[in-house]
Amino acid sequence: MIINHPLLGPRDAAEFIYLGDASLIDRPDWQAEDAAAKFYEYGYLRDNPAGQHQELWYHEQGDRSWLVVTRNTLTHEITKVELARDVARTRGRDK
Amino acid sequence: MSQINRVKGGLIDRSTPMNFTFNGKSMQGFAGDTLASALLANGQRLVGRSFKYHRPRGIFSAGSEEPNALVQLRSGAHQEPNTRATVAELFDGLTATSQNHRGSLEFDLMALTDYASPFLSAGFYYKTFMWPKALWEKFYEPVIRSSAGLGRLSMDEDPDIYDKGFLHCDLLVIGAGPSGISAALAAGRSGARVILADEDFAPGGRLNAETLEVDGMSGADWATQALAELAAMDNVQIMTRTTIYGSYDHGVYGALERCTDHLASSNGKPRQILWRIYSKRAVLAAGSTERPIAFGNNDRPGVMLAGAVRTYVNRFGATPGQQVAVFTNNDDGWRTAADLAAKGVNVTAIIDSRDKPAVCDVPGARHIRNAAVRDTAGRKGLKSVTLTDDQIIDCDCLAVSGGWNPNVHLTCHQRGRPEWRDDISAFVPGGTLPVGMAVAGAANGALTLGAALAEGRAIANQQIKDLGFTASRKAAPKAEDEAFECSPMWHVGESIKRAWLDLQNDVTVKDVKLSHREGFRSVELLKRYTTLGMATDQGKTANIPALAVMAECTGKTIPETGTTIFRPPYTPVPLGALGGRARGHDFRPTRLTPSHEWAKANGASFVTVGNWMRAEWYTRPGEKGWRDSVDREALNTRTNVGICDVTTLGKIDVQGKDAAEFLNKVYSNAFAKLAVGKVRYGLMLREDGICYDDGTTARMSENHFVMTTTTANAVLVFRRLEFARQCLWPNMDVHLISTTDGWAQFAVAGPKSRDLLRKIVDEDTDLSNEGFPFMGCAEVTVCGGTPARLFRISFSGELAFEIAVPARFGNSMMEVLNKAGEEFGAAPYGTEALGVMRIEKGHVTANELNGQTTAQNIGLGMMVSQKKECIGNVLSQRPEMVGDDLRLMGFRPVDHSLDVIAGSHFITKGDEANMANDQGWMTSTAWSPNLGHSIGLGFIKRGNERIGEVVRAVSPVHGKEMEVEIVSAHFIDPEGERLRG
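Protein sequence lines, in the order shown, are assigned to chains A and B.
According to the working numbering, the residues represented by the first sequence are 1 to 95, in order.
According to the working numbering, the residues represented by the second sequence are 96 to 1076, in order.
Treat the hints as calculated values from the structure; they're not laboratory data.
This one's a predicted model, so the numbers in the text were calculated from it and none came from an experiment.
A couple of the hints might just be wrong.
As the list claims (entries may be wrong) - DSS-like, lysine-lysine: derived pairs with alpha carbons at most 25 Å apart:
1. K914(B) / K854(B)
2. K592(B) / K80(A)
3. K768(B) / K95(A)
4. K963(B) / K95(A)
5. K651(B) / K222(B)
6. K592(B) / K605(B)
7. K651(B) / K608(B)
8. K95(A) / K914(B)
9. K38(A) / K963(B)
10. K95(A) / K608(B)
11. K38(A) / K569(B)
I would like the entire structure built from these sequences, with the hints used as guidance.
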C-alpha cells in the first residue's frame, strides 16, 4: 500500500508501523466519575468495520509522524491522510 | 542422437550450437532454444513421470503453463528441482535430469502405482490408511512421505546471490506480445515513463510463434523493429526474462527478473532480482493460454497443445513429431495443421469436433468432421489415436486445441472476479480490477491479432491521458483478424479410459465426477478434495476444463459454477529471491557496541541481545569455563571496580518547556518536581495497568531530560512517547530524539569506582559524596576536555557511576577506563555478571516485567501515583489487579549445595504439586559468588508475609524439586549503604 503522507508525499506502507483504530486518540478523562469504565472501553473495545476505517499509522522509518489514515478495509482505498496531531487538536485534546 | 526433428526456419541461431545433457545423455541444440525445444529437436519425447501414478509424460506446452515437463536443472548445490523445461533457456553445458521416478526414467519402479489407480482415486488419503492405527506412524506415513513430492533438493546451502530492487513508472505494461508492444509504443511515444516486462527471453509473445503478418512484415520482424524503437526511447525500460507475478495495492506489482538463469555461471552477479514496481497505471497484456480437451489416455508423451506444437515448429524450428494429427473444436487448431504442413511436416488428419467445412486447405491431411479422439496408444510415446467412430489414426504427435483462455490471473489478485463470455467460451476480466489496471488484447478476450494490436494502443492511450500525457497520433499497427470460432468441448464422453484434466496432479474426469458424487461440488472444495490446480502450474491448463466437467455434473452453467480465486504468484517465485540478501548473518542487521573492538581484543565472548552483540563475559587465562569468568567479574566489581558497556540501553533526549510535565504523564511515579542535576528511577505502565518498562531519567537542565529505557524496549518506548506527544497531548512543548547510538555509556561500579573516575573526569568536577551524591548527574568533561555526561546510578548495588561520551569515543573510553583502573584492580564485566549482581540486588528485568505483572507484584505499588494523570494508573486500580497478592521475593535453597531452577513452581509444604496448589514461580536464578550459593527471584502469593517460610520449588519439566526459603529479594546490602557511600 502507499500512504500519501501530508508532509512527505506518497510513501510505501512498509515504512510505517500500524497501531489501529484512531479512537485511541480519544483518551478518556482520568478524573471523570466513570473513568474506570471509560478506560476499559478505551483499552479493550474497538469497532471492526468492513469499509471506512480511521486508523493510526506511525512513520517510524521516516519522520516519526503519527498519521490518521482513512482506509477502506475492503478495498484498501485510502481517502484521507492527516497528521494525528492535527486530528487530536480538532478533537479537542487541549494539553 | 542428432537433431532429427529440426525443420527449416525459426528464431534460433543455428550458427551457435549448444551442448547439453539430459539424464546423462549428450545432446545438442542452438542458441534461442528452450530446453523443451531442444529435447523435442532431439526426438526426446519422454521427459518425466507424473506425480501420483508415475505415468510417462512428455512436453505438453511451450510456456510457463507447463504441467508435465518438470526437470532438475544443474547439479550439486546449484541443483534446482521442478524447473519447467519449456521456459528454461538453453545454455552451453546445461545439465538436466528427469525427476519423480525410482530406477530409470524408462523403467520407473513406482509406475506400479498406476495399476493401483482404482484405489488411489480423489480423496484416497482420507479413506485409506485409517486403520489399524498402529500402522500410521511406522508404515503409512514413511511410505507416503518418501513417495511424495516431485524433484529433490540438493540439501546444500544455495550458493547463488539474490537481490531486491524498486522501480517506478507511469505505465507498467505486463506482457510484450502484440497488444503489450502496441501499448508500450503508444505510451512511449507520448513521453510517459514506461516499463515493458515479459517473462520470455525473446519479447514478442505469440508474434514469435505465429506466421501472421503485421504492417506487411512477419510478426516476429515487426516485434523486433518495434522493440528497437522502444529501446531507443529514454523513457522506456524493457525488462525481458521478467515475470510480473503479483498485483498488490495501489499500483504496486511484484516482478521476478531471472538475470543469469540462462548462463552457465552467474559470475558473482545476482541470479535473480525481485523487483517491487510502483506504477501509476498498468496495462495487463498477458495474452491467453490454450486449454486441452480431455479424452482417454490423453496424457501420453506426444499429446500436446496445438498452439504449442505450432510454436515449436515456427519459433524453434523443431517439430514434436513426424506424423502429426490435430484434434480441435475451433478454427485456431487448423492453423497448427496449416503451419506444420507449410514446414513440410506430415499432417495425417484434422479431427474437428464440429460439423463444419474445412477452415483452410492443409495439403495431405484428412479432414474428419464431427468426430473426437476417445483413446490413444503408445506407453512411452504416442503411436496412434482411436476416434469415437473407432477408426485408428497413426501419429506420433497429437495437437489438441480446446480454445483459448484469457490470462486473467493478475486481475483477480485483489477483488476482481472473472466473467464468462459465451462468444469465446472463456472467462474474461471482471469485477473490480486492481487500482490503475486496464486489460488489453487476448487477456481481455480480444483473441485475434488485429484486435489485440488496436486494443493495446487504445487502452494505453486512455491510461496515459488519465495521467495528463498527450497521446501520439500515430495509428495502430495493422494486421488481419484470424478466424477463431470455437464450439466448446471439454471432454470426450465416449472415452472409457481415464481422461486427464490436471496432468500435474493426476486429476481425471472420473475424479471430478467422484468429487461431485461425494458432495464436494463448490470449485474451492473440488480443488482441495482432488488437488486440482495445485502445485507449480496452478492449473493453468486444467482449471477451466475441470470446472466445466463439474458444471456438467451439477447441471449448472460454467459461470454459475465459478472459478477458484487466483492468488499471487502467477508462476513460482524461488524462496531465495523472496529472501534476497537477508539470509544467514544478514537476516537482520547486527549492532555493535562502541567498545566492541576493545572487547574482542580482550577475550570477550558475545551474546546476541535483539540486534546487539554484547560481551557476556571476558575470559582470562586459566579460566576453565564461563562460570569462572562470571564469578570473578561479579566478585571483582563488588570488591574493586568493574566496567561494563551499557550503551544498548535506550536513550531518549526529552526537551521543551513541558518536558517535565510530559514525563509526569508517561511515568507512573512523579517527575514534575525532579531537581536539576538529579536522576530518578521511573516506572512505565501500559494503559491497562500492567508494567511496561523501567529506567532512569536525568534532569540535565530545566527543560532537558535524558531518559533511559531497557535494551529490548528502546524502540517501542520511543514510539510510545511519540504517540503520547502527538496524539494524546498535542499541545505540549516537548521534543524527542533517540540518542541510543549517539552516546557510548559505561557503568563503572564498585567501591573503587570513584577513585578510578577521579583519574578520568577533569578536575573541575567534584566527585565527593557531597559534591556528587547518589542519583546526581552532570555534564562534565573527561580526559582533558572531551564532553561527557556523568550519572551516579547503580544497577549492581555498589557505589557506581555511568559515564557517557559521544559514541565515536566509546572504544577509546573503554580502553582508557581499564588502563586507568589497573591500579584499583579494575576489570570489565559482561552481561552475565551484570545479571548475577542484579539478582543479588533484587532488580527486575524482562523476566519479571514479562507483560503480565503489575507494579504491586514487583513491590513497587507505591510508585503508581493516583494524584496525577499518567498512562495506566486508572486501570491499574481494577479490583482484580489490586487484589492480586503475588509478590516478588528472593529464594534460597535450604540445602546450599543445590542450584535453584528457573521456571520452578512454588507449592506450600505438605500440599500436592498440582495447578490448584500453585503458589507462584521462579523468574530468575543465578549462582551468587558473593553469598556462595545459588539464589533466585520469583513471584509467590502473599510473599511479603511469608519471609522465612520454606516451600517446595517443583520443576516437573526437569523432574526435580527442592525446598527453598522465602527471603527478601535484596540479598546484598538491603539498606543500600554501599551505593550511597
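Structure-based check of all given hints:
The suggested pairing of K914(B) with K854(B) holds, with an alpha-carbon distance near 10 Å, which does not exceed 25 Å. Pair hint K592(B) plus K80(A) does not hold up; C-alpha atoms about 61 Å apart against a cutoff of 25 Å. For the suggested pair K768(B) and K95(A), the alpha carbons sit about 19 Å apart, so the restraint of at most 25 Å is met. Simply put, K963(B) and K95(A) have alpha-carbon atoms about 14 Å apart, close enough for the 25 Å limit, and the pair holds.
Distance check on the hinted pair: K651(B) and K222(B) sit about 28 Å apart at the alpha-carbon level, beyond 25 Å; violated. Between K592(B) and K605(B), the direct Cα distance comes to roughly 10 Å. Compliance with the 25 Å bound is thereby established for this hinted pair. Taking the CA atoms of K651(B) and K608(B), the gap is about 14 Å. The hint holds against a cut of 25 Å. Between K95(A) and K914(B), the direct Cα distance comes to roughly 51 Å. Violation of the 25 Å bound is thereby established for this hinted pair.
Restraint check: the Cα-Cα separation between K38(A) and K963(B) comes to about 17 Å, which is no more than 25 Å; the hinted pair holds. Between the alpha carbons of K95(A) and K608(B) the distance comes to roughly 70 Å, so the proposed pair goes past 25 Å and is violated. Of the pairs offered as hints, the one joining K38(A) and K569(B) is violated, with about 67 Å between alpha carbons and a cut-off of 25 Å exceeded.
The structure is inconsistent with the numbered hints 2, 5, 8, 10, 11, although it conforms to all the rest.
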